[in-house]
Amino acid sequence: MAVKKIKVDYLARVEGEGALHVTLKDGAVRDVELRIFEPPRFFEAFLRGRAFGEAPDITARICGICPVAYQMSAVHAMEDAFGVVVDAPLRALRRLLYCGEWIESHVLHITMLHAPDFLGYESAIAMAREHQAEVERGLQLKKVGNEIVQLVGGREIHPINVRVGGFYRTPTRRELAPLAERLKWARDAAIETVRWVAGFEFPDCERDYEFVALRHAGEYPFNEGRLVSNKGLDIGARDYEAHFEERHVAYSTALQSVIRGRGAYLVGPLARYSLNFDRLSPLAQEAAREAGLGPVCANPYRSIVVRAVETLYACDEALRLIEGYQEPARPAVPVEPRAGSGYACTEAPRGLLYHRYALDAQGTITDARIVPPTSQNQTSIEDDLRAFLPDWLGLDDEALRWRCEQTIRNYDPCISCSCHFLRLELERG
Amino acid sequence: MAKARKPRLAVWKFASCDGCQLSLLDCEDELLAVAGAVEIAYFPEASRAMAKGPYDLSLVEGSITTHHDAERIQEVRRTSKHLVTIGACATAGGIQALRNFKDVKEFISIVYANPAYIDTLSTSTPIADHVKVDFELRGCPINKLQLVEVLSAFLAGRKPVTPAHSVCIECKLKGNVCVMVARGTGCIGPVTHAGCGALCPSYHRGCYGCFGPMETPNARALGERLRALGMPPDDIQRVFRNFNAQAGAFREESERHGG
Numbered sequence: 284m285a286v287k288k289i290k291v292d293y294l295a296r297v298e299g300e301g302a303l304h305v306t307l308k309d310g311a312v313r314d315v316e317l318r319i320f321e322p323p324r325f326f327e328a329f330l331r332g333r334a335f336g337e338a339p340d341i342t343a344r345i346c347g348i349c350p351v352a353y354q355m356s357a358v359h360a361m362e363d364a365f366g367v368v369v370d371a372p373l374r375a376l377r378r379l380l381y382c383g384e385w386i387e388s389h390v391l392h393i394t395m396l397h398a399p400d401f402l403g404y405e406s407a408i409a410m411a412r413e414h415q416a417e418v419e420r421g422l423q424l425k426k427v428g429n430e431i432v433q434l435v436g437g438r439e440i441h442p443i444n445v446r447v448g449g450f451y452r453t454p455t456r457r458e459l460a461p462l463a464e465r466l467k468w469a470r471d472a473a474i475e476t477v478r479w480v481a482g483f484e485f486p487d488c489e490r491d492y493e494f495v496a497l498r499h500a501g502e503y504p505f506n507e508g509r510l511v512s513n514k515g516l517d518i519g520a521r522d523y524e525a526h527f528e529e530r531h532v533a534y535s536t537a538l539q540s541v542i543r544g545r546g547a548y549l550v551g552p553l554a555r556y557s558l559n560f561d562r563l564s565p566l567a568q569e570a571a572r573e574a575g576l577g578p579v580c581a582n583p584y585r586s587i588v589v590r591a592v593e594t595l596y597a598c599d600e601a602l603r604l605i606e607g608y609q610e611p612a613r614p615a616v617p618v619e620p621r622a623g624s625g626y627a628c629t630e631a632p633r634g635l636l637y638h639r640y641a642l643d644a645q646g647t648i649t650d651a652r653i654v655p656p657t658s659q660n661q662t663s664i665e666d667d668l669r670a671f672l673p674d675w676l677g678l679d680d681e682a683l684r685w686r687c688e689q690t691i692r693n694y695d696p697c698i699s700c701s702c703h704f705l706r707l708e709l710e711r712g
Numbered sequence: 104m105a106k107a108r109k110p111r112l113a114v115w116k117f118a119s120c121d122g123c124q125l126s127l128l129d130c131e132d133e134l135l136a137v138a139g140a141v142e143i144a145y146f147p148e149a150s151r152a153m154a155k156g157p158y159d160l161s162l163v164e165g166s167i168t169t170h171h172d173a174e175r176i177q178e179v180r181r182t183s184k185h186l187v188t189i190g191a192c193a194t195a196g197g198i199q200a201l202r203n204f205k206d207v208k209e210f211i212s213i214v215y216a217n218p219a220y221i222d223t224l225s226t227s228t229p230i231a232d233h234v235k236v237d238f239e240l241r242g243c244p245i246n247k248l249q250l251v252e253v254l255s256a257f258l259a260g261r262k263p264v265t266p267a268h269s270v271c272i273e274c275k276l277k278g279n280v281c282v283m284v285a286r287g288t289g290c291i292g293p294v295t296h297a298g299c300g301a302l303c304p305s306y307h308r309g310c311y312g313c314f315g316p317m318e319t320p321n322a323r324a325l326g327e328r329l330r331a332l333g334m335p336p337d338d339i340q341r342v343f344r345n346f347n348a349q350a351g352a353f354r355e356e357s358e359r360h361g362g
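In the order they appear, the protein sequences are chains U and W.
Be aware that the first sequence starts at 284, since it is given in this note's numbering, and climbs by one per residue.
Be aware that the second sequence starts at 104, since it is given in this note's numbering, and climbs by one per residue.
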């Protein structure tokens, strides 16, 4: 009876601290555990007793890679609780800010974290020796995303300009104009990026996922929409907890989300794309087709192509928003706290991010619940490994380990979004 | 002639959001030059190649919140010639130091269904509470230009230039109108360490202290001023008790206000 273990003690090129343990027995996969040893930071606990207006600043600190997502879910949940609707130009600015984060985060993953797997390098820096033009293009494209977040949000990491009801200060048309010029370059660079990654080699791996994403009446989703799936889900954010549950199970290292009664599901670029292809701009649709993607993509290795298509969309959409931008009459709408609960889902680069807050009459938070995308994808990541590993058992140990890592990196997992993750002592062997 | 050995750089993560180490990857214009000047020996967020120590320079992000990490930082110190902490978590314990004011057991039970699985310390503490630190770079997050300055200074063998005066000076240098004087907006810029470029006042908002206390701050006088402006005591406590809650002057001032 041959038992073999594959261990990756410290997963590289992911945000945060995780490990993978796979046990093979007689050539079959016996156990797959994605272990998260990110120390918990207890955000939901210390949010209790804080003022509603602090939620966007505090929850941003859950993740340095996608702080805008946390700020957006927080402000929308608070506005839901208080019955506040922001003015149209403020809504457009929030969308622009989110475009910036998608570009920054997606290109970081495409170029710096994921492409090296396809081309056989340890890192983007090592890759730059032979692919300098592509790495430099990636860095400059990422920079354009950061420039949007910097101008609209104040700084790239943990923006300071977002508040419940809108912003502290809104940019003038003149301030946004130089961004439009940069974005025209970025749009071309994004098209080249789609072509570049479409040329990579992809294993022929597809699974029958339940895709879950927002869907909006007229837009590719960022901040608003119904929560839908390809298997019949169609709910508002308020009903999230009735349909999804988080499990804190002994064998696992983290809270894992499942759809009640059905099990694992998938959030993020593949899900958004497959549920919203018809909402992409014509340019993004054309680039997707040219890259060989259909309107649905169920191969997680091709997520790098979908991320590139979404990057192109975000550039295109940011340009549209800047061209149509009307300077808001006021930087924020008035907000009057009242007792109640607020709910919101927005689309972080890695997928759905759910926030719920209970508030007292003064707007003090009495309870908070946050479900980040990576905890929702954990079960799917493990299921991918279980499904695909049997075909790779002929690989040598190092190649097999690398392939497992790549499979996890398909999800761009953000382990630092750690409010829900457990610590686990590493079993060293 | 043999080429001089490049200094070996390591980047370590403890309890944190990854934002400060991301600042290095956010140096889009400088990253490849930095990678040319040093050997990036250990930086798991960017590379799966993880070379063993010793390292010439270690950048440490995050605070100490677990027994395992309290041991790990000792090992990092042993293998590092120079150790620089980056960001509010590493220099002051971070937002997760809010547990220091409460019972951590209650925190665990709020978040987790099975508290028995959780191994955590009752406090979140800065790296300097555990090992000798050669230089501290402040901010939540750090300013990436200051990070490039720290790396350049290290390569040149000089002390980094990172002013320790208050955010007020940065406002004056930018020509900002004072939000507290002109609009009565609560602002803790007068006691906050410079480095962000007076971002919040530039966006018509009061500073909320991301960079922690400046050198020799008079937080008590500012607390009195905020009270006089009509800021409720709970709000004064909260603004001193966020990302640098454990830093001496902010901690003491937060304890003078609120419930």
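None of these hints come from the bench; they were simulated from the model.
There could be a bad hint or two in this list.
Claimed, not checked - List of simulated lysine-lysine pairs, DSSO-like, C-alpha gap at most 30 Å:
#1 109(W) - 426(U)
#2 155(W) - 288(U)
#3 426(U) - 235(W)
#4 467(U) - 184(W)
#5 290(U) - 262(W)
#6 287(U) - 277(W)
#7 514(U) - 467(U)
#8 109(W) - 184(W)
#9 277(W) - 426(U)
#10 275(W) - 155(W)
Going through the hints against the structure:
For the suggested pair residue 109(W) and residue 426(U), the alpha carbons sit about 28 Å apart, so the restraint of at most 30 Å is met. A threshold of 30 Å between alpha carbons decides the hint, and for residue 155(W) with residue 288(U) the separation of about 23 Å falls inside it, so the pair holds. Proximity of residue 426(U) to residue 235(W) is assessed by CA-CA distance (about 35 Å); at most 30 Å being required, the pair is judged violated. About 46 Å separates the Cα atoms of residue 467(U) and residue 184(W), which puts this hinted pair outside 30 Å; it is violated.
For the given pair, residue 290(U) sits about 42 Å from residue 262(W) by alpha-carbon distance, which is inconsistent with the 30 Å threshold. With a CA separation close to 62 Å, the supplied pair residue 287(U) and residue 277(W) exceeds the 30 Å bound. As the CA atoms of residue 514(U) and residue 467(U) are separated by approximately 38 Å, the hinted pair breaks the 30 Å bound. The straight-line distance between the Cα atoms of residue 109(W) and residue 184(W) is roughly 14 Å, inside the 30 Å bound, and the hint therefore holds.
A distance of roughly 24 Å separates the Cα atoms of residue 277(W) and residue 426(U); the hinted pair therefore holds under the 30 Å criterion. Proposed proximity of residue 275(W) and residue 155(W) is contradicted: the alpha carbons are some 47 Å apart, above 30 Å.
Of the numbered hints stated above, those contradicted by the structure are hints 3, 4, 5, 6, 7, 10, listed in ascending order.
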